[in-house]
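Student: Use the sequences and the hints to build the structure in full.
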Amino acid sequence: MSLKLKTWMPVRKLPPGTGQPIMPAERTEGRGEAHAMTGNDAAAYALMQVDPHVAAAYPITPQTELMHKFAEFVAKGKVSTNLVTVESEHSAMTATLAASAAGSRAFTATCANGLAYMLEIYGNAGALRLPVVLLLVNRHVGGLLNIHNDHTDAMLCRNAAWLQLHGENAQEAYDLTVMAFRVAEDPRVRLPVTVCFDGFIVSHTVEKLRTLKKEEVQGFVGEFAPYVDLLDTDNPRAVGPLVQPDTTVTFYAQVSEAMRWAPAVFEEVAAEYAQLSGRQYSALEAYRMEDAEVAILGMGSVCGTTRAVVDALRSEGVKVGMVKLRMFRPFPVEALARVLTGPNLKALCVLDKAVELGNGGPLFAETAAALALQAKCDSGRMPILTNAIIGLGGRDVTLADVNGIYTNLLNLAATGRQPGMDPIVYIDLNDDGENIFDLSASRLGKERASSTQNIVMMARGGQGAKTASYLLAQLMIDIGKYAQGFPTYGPERTGAPIKAFAKISDHPIDDRQQIYAPDVFAVFDETLLDTFQAEFQNLAPEGLLLVNTKASPKEIREKVGLVGRRVYTVDATGIAIAEFGANRPNTAMMAAMLGILKLCDIEQFKEAFKNKMQRLSEKVLQGNLKAIDRAVAEVQGE
Amino acid sequence: METKDIRGPVTRDGKKFTPQKLLGTRHSLGAGHAACAGCPGPSVIQAALHAARDGLGCEPVVAFATGCMEVVTTLYPSNAWRVPYMHSAFPNSAATASGIEAAIKARKARGEIPADKDIKVVAFGGDGGTYDIGLQALSGAMERGHDITYICYNNEAYMNTGVQRSSATPLGAFTNTAQVGEARVGKSEFVKDLTRIMIAHDLPYVAQASVHRFPDMLSKLQKAIAVRGPSFVNVLSTCPVGWGMTTDEVLTAAELAVECNVWPLYEFENGKYRITYRPANPRPLMDYIKSQTRFRHLLKPEYADIVRRFEEYIALRWQELNDLEKLSQPAAA
Chain A
1 MSLKLKTWMP VRKLPPGTGQ PIMPAERTEG RGEAHAMTGN DAAAYALMQV DPHVAAAYPI
61 TPQTELMHKF AEFVAKGKVS TNLVTVESEH SAMTATLAAS AAGSRAFTAT CANGLAYMLE
121 IYGNAGALRL PVVLLLVNRH VGGLLNIHND HTDAMLCRNA AWLQLHGENA QEAYDLTVMA
181 FRVAEDPRVR LPVTVCFDGF IVSHTVEKLR TLKKEEVQGF VGEFAPYVDL LDTDNPRAVG
241 PLVQPDTTVT FYAQVSEAMR WAPAVFEEVA AEYAQLSGRQ YSALEAYRME DAEVAILGMG
301 SVCGTTRAVV DALRSEGVKV GMVKLRMFRP FPVEALARVL TGPNLKALCV LDKAVELGNG
361 GPLFAETAAA LALQAKCDSG RMPILTNAII GLGGRDVTLA DVNGIYTNLL NLAATGRQPG
421 MDPIVYIDLN DDGENIFDLS ASRLGKERAS STQNIVMMAR GGQGAKTASY LLAQLMIDIG
481 KYAQGFPTYG PERTGAPIKA FAKISDHPID DRQQIYAPDV FAVFDETLLD TFQAEFQNLA
541 PEGLLLVNTK ASPKEIREKV GLVGRRVYTV DATGIAIAEF GANRPNTAMM AAMLGILKLC
601 DIEQFKEAFK NKMQRLSEKV LQGNLKAIDR AVAEVQGE
Chain B
1 METKDIRGPV TRDGKKFTPQ KLLGTRHSLG AGHAACAGCP GPSVIQAALH AARDGLGCEP
61 VVAFATGCME VVTTLYPSNA WRVPYMHSAF PNSAATASGI EAAIKARKAR GEIPADKDIK
121 VVAFGGDGGT YDIGLQALSG AMERGHDITY ICYNNEAYMN TGVQRSSATP LGAFTNTAQV
181 GEARVGKSEF VKDLTRIMIA HDLPYVAQAS VHRFPDMLSK LQKAIAVRGP SFVNVLSTCP
241 VGWGMTTDEV LTAAELAVEC NVWPLYEFEN GKYRITYRPA NPRPLMDYIK SQTRFRHLLK
301 PEYADIVRRF EEYIALRWQE LNDLEKLSQP AAA
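Chains as they are written, first to last, in my numbering: chain A, 1 to 638; chain B, 1 to 333.
Think of the hints as simulated: they come from the structure by calculation, not from any bench. It is possible that some hints are incorrect.
Heads up, incomplete: computed chain B residues facing chain A, CB under 10 Å, no partners named [unchecked claim]:
1. Ala63
2. Thr66
3. Thr96
4. Ala103
5. Ala115
6. Gln136
7. Thr246
8. Glu249
9. Glu259
Cut-off 20 Å, straight-line C-alpha distance, at most; resulting in silico cross-link-like pairs (EDC-like, lysine to aspartate or glutamate) [to be verified]:
10. A:Lys319 <-> A:Glu293
11. B:Lys108 <-> A:Asp51
12. B:Lys105 <-> A:Asp51
13. A:Lys214 <-> A:Glu33
14. A:Lys606 <-> A:Asp629
15. A:Lys606 <-> A:Glu634
16. B:Lys108 <-> A:Glu223
17. B:Lys108 <-> A:Asp229
18. B:Lys105 <-> A:Asp234
19. A:Lys481 <-> A:Asp506
20. B:Lys105 <-> A:Glu293
21. B:Lys117 <-> A:Asp232
22. A:Lys559 <-> A:Asp506
23. A:Lys69 <-> A:Glu120
24. A:Lys612 <-> A:Asp478
25. B:Lys108 <-> A:Asp234
26. B:Lys300 <-> B:Glu182
27. B:Lys117 <-> B:Glu59
28. B:Lys117 <-> A:Asp229
29. B:Lys117 <-> A:Glu558
30. A:Lys213 <-> A:Asp229
31. A:Lys626 <-> A:Asp601
32. A:Lys376 <-> A:Asp396
33. B:Lys108 <-> A:Asp232
34. B:Lys192 <-> B:Glu59
35. A:Lys481 <-> A:Asp601
36. A:Lys606 <-> A:Glu526
37. B:Lys105 <-> A:Asp229
38. A:Lys213 <-> A:Glu33
39. A:Lys78 <-> A:Glu223
40. B:Lys192 <-> B:Glu320
Glycine residues also receive a C-beta, built at the ideal position from the N, C-alpha and C atoms.
Tutor: Laid out in structure tokens, this is it:
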């Protein structure tokens with residue numbers, strides 16, 4: 001076999017009317033039942049509704065809770081999926097592909113080191129055209145052991161023949177998971193799909209989303225129609241041959257062609273999904289880009305925080321915009337170039353949650369290449385290009401960070417000068433390369449606090465602060481508000497100081513930063529007052545310090561040196577021990593908080609508590625309900 | 001000692017399948033594969049698939065590890081397999097089998113394939129893909145209890161990549177990564193006894209077979225495939241290239257391995273050991289060593305100590321196996 005060499009390969013056109021879509025980001029919740037779920041639970045819920053034949057997975061933080069939830073669905077008989085709990089990620093991907101080749105709809109889930117371990121087989125999926133789905137709960141992978149979020153794992157596998165989609169929040173984790181199967185299995189594509197969402201930031205945050213009914217999802221994904229079926233023993237097929245140099249290019253040319261079809265198919269599938277859900281999806285979204293003079297390009301949860309900053313700056317009349325890339329593979333070169341070479345755009349910063357050490361981020365490099373081609377081919381225009389390495393290893397991406405980037409872009413746009421060939425900054429290092437991780441309150445954080453109750457809970461591991469943040473968010477969502485509830489994660493074990501956060505608002509909450517200038521500090525353990533003393537000064541002017549102690553508010557105020565603001569105390573531990581015999585002060589602390597803030601009727605809280613804590617024995621449950629009443633009655637403040 | 005059938009395997013019904021019946025049956029591996037002249041590997045595959053299809057009446061689906069037999073049977077665009085086959089990489093033949101088996105169960109549960117269609121997943125790997133890089137996947141698959149039979153065609157080194165030592169390579173043997181010189185004399189370690197490792201997984205059926213003793217091998221493969229659960233067969237499959245032999249010496253070398261007690265033929269069935277062939281007059285180890293050029297250097301008197309250690313090792317293992325067999329027999333009344 002010989003290939004005729006051409007001086008240049010003409011790019012074959014896709015059918016008219018399809019292509020790489022850009023869609024203005026609309027803020028619509030769409031239809032469906034409202035839930036309060038973490039990103040992991042949302043993805044697991046989607047997988048339960050798809051009900052694939054086979055799943056094979058191996059535990060790795062922060063993917064674990066996705067598979068916990070799925071295993072719960074398996075145990076309860078909510079799915080008929082054959083869950084294979086393999087002994088490694090290498091076997092997880094292998095078994096997933098083998099099940100697919102044996103005529104099954106199959107998925108796996110992993111992140112970071114797990115992805116690195118399965119990478120050998122990851123490549124096979126695309127080359128063998130097996131339409132499996134991988135849930136990648138993004139986590140750092142590299143030279144350092146760090147379990148927190150960034151996109152170094154997603155970037156590790158960017159050269160394989162897989163589609164790669166990035167979800168911003170739990171809603172997108174759900175929606176993209178449902179859509180992924182359809183896109184993967186489309187006969188024009190027949191390629192595997194990786195659905196990414198940010199570890200912890202999305203995977204472990206309880207927030208609001210809407211889901212379809214199981215029968216709607218079943219109808220949408222349809223029956224699995226295998227192209228290869230090893231179980232068709234009358235027509236034996238060999239999958240995975242040894243390929244020689246004379247046929248390798250032929251194989252990859254076909255895969256490449258299928259990849260080129262993927263955006264058009266995604267667009268079709270998304271349009272059909274929009275009919276069903278009322279939620280619109282596209283390969284990339286342009287947010288307030290019409291007349292934007294400066295813009296940020298990003299993927300995943302940073303886009304939420306960026307959108308919050310865009311809204312704040314727009315309300316001051318500053319012409320800023322954002323482009324959210326949802327489909328990283330195949331890279332939507334044309335659509336991206338189109339939206340980023342408009343006549344108004346003067347400066348662009350690409351946010352990368354990964355870095356090619358010594359150079360910039362991969363997203364920046366690919367964007368720069370796309371823009372350079374577009375400038376040469378067509379418009380001749382090119383914005384000033386900069387790159388920020390942000391959120392690496394889980395470093396919190398704050399509103400202040402993003403605001404700083406926009407300020408910098410506006411300055412560059414005013415000078416009109418490209419800052420050299422190396423326009424890369426690491427957030428948050430100073431000019432001397434020193435770490436300046438300054439978590440003092442950002443200006444924008446305080447502004448938004450006016451419509452949002454931001455709560456920081458400080459506790460020791462085991463006191464139930466994480467549960468409290470989740471419960472609080474669930475409760476608020478149940479009564480029609482918007483909320484996020486999430487803990488900090490690290491090597492903490494029982495007894496170690498931890499924080500958990502809750503944001504409550506009447507409006508959708510976009511930003512994903514931790515809380516630095518809260519409206520409430522709730523201290524679950526008196527002995528932590530010294531540990532966190534410096535932070536109490538960041539309390540909002542009308543803010544509230546609530547401490548679990550026998551001491552009076554006056555004594556606590558003196559101890560922490562807080563001027564102004566409000567100080568409340570309640571003996572939550574005493575109440576807990578008296579009412580249900582365990583040092584779990586979280587119920588009483590939540591009750592006291594709700595009582596003071598009047599976020600809901602206390603009977604609503606008791607009802608929600610009963611629903612969520614069904615695993616408690618009747619005796620303990622009744623004790624907790626009594627503790628709620630006592631805490632509301634006994635909390636005192638000044 | 002009393003042994004108990006703690007797993008109580010359910011087996012497929014099968015008629016006794018003999019080598020004579022091979023004539024006239026369907027070939028599962030087509031002629032025209034590209035294996036080396038004299039290589040007994042394909043006959044191991046043929047025997048296993050015949051046992052499955054003609055002996056047990058089930059439909060085999062094959063999972064394969066990267067290795068000689070993978071390379072020589074699926075050189076794109078040709079394909080020697082007449083049964084469904086899948087390969088993706090070196091370490092994951094057992095995991096591939098797990099995935100296929102999981103799919104069979106899932107699709108039967110949904111009525112997509114008939115519940116009574118008897119499909120058996122048969123996984124293959126060489127010693128490199130089984131003893132070394134694939135051991136984790138193998139152990140995992142066996143522990144999970146999938147209905148799969150894993151067959152190791154063991155030629156005692158990485159032959160596909162040009163004869164490098166594996167943990168199945170015997171003491172003193174020359175390989176390209178365990179060479180012979182003033183500082184080193186071939187492989188310095190004993191073999192890893194994978195068959196014992198698989199027995200430790202408490203599988204319903206584990207066996208050791210050799211290509212030269214075809215009826216014994218066929219019977220063991222059939223027993224293994226008949227198990228409705230995990231089973232393992234370790235087949236000594238000689239390699240003219242890696243061992244240093246002419247093609248007509250291939251089966252003789254395997255025979256010597258058994259006659260010298262280097263490779264005992266035995267099975268472990270429902271917790272009981274049984275030696276399936278006992279050499280009437282065991283031959284000295286030197287006969288085996290002389291039969292292959294990979295041991296050529298051991299003929300020199302200065303390396304007599306290596307041969308002595310080899311002999312001691314064989315004697316120890318053979319005694320141990322005999323003791324285990326004795327323990328497996330019902331106590332005399």
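Student: Find the hints from earlier in the document that the structure breaks and name them by number, from lowest to highest.
Tutor: 5, 7, 8, 9, 20, 22, 23, 29, 30, 32, 34, 36
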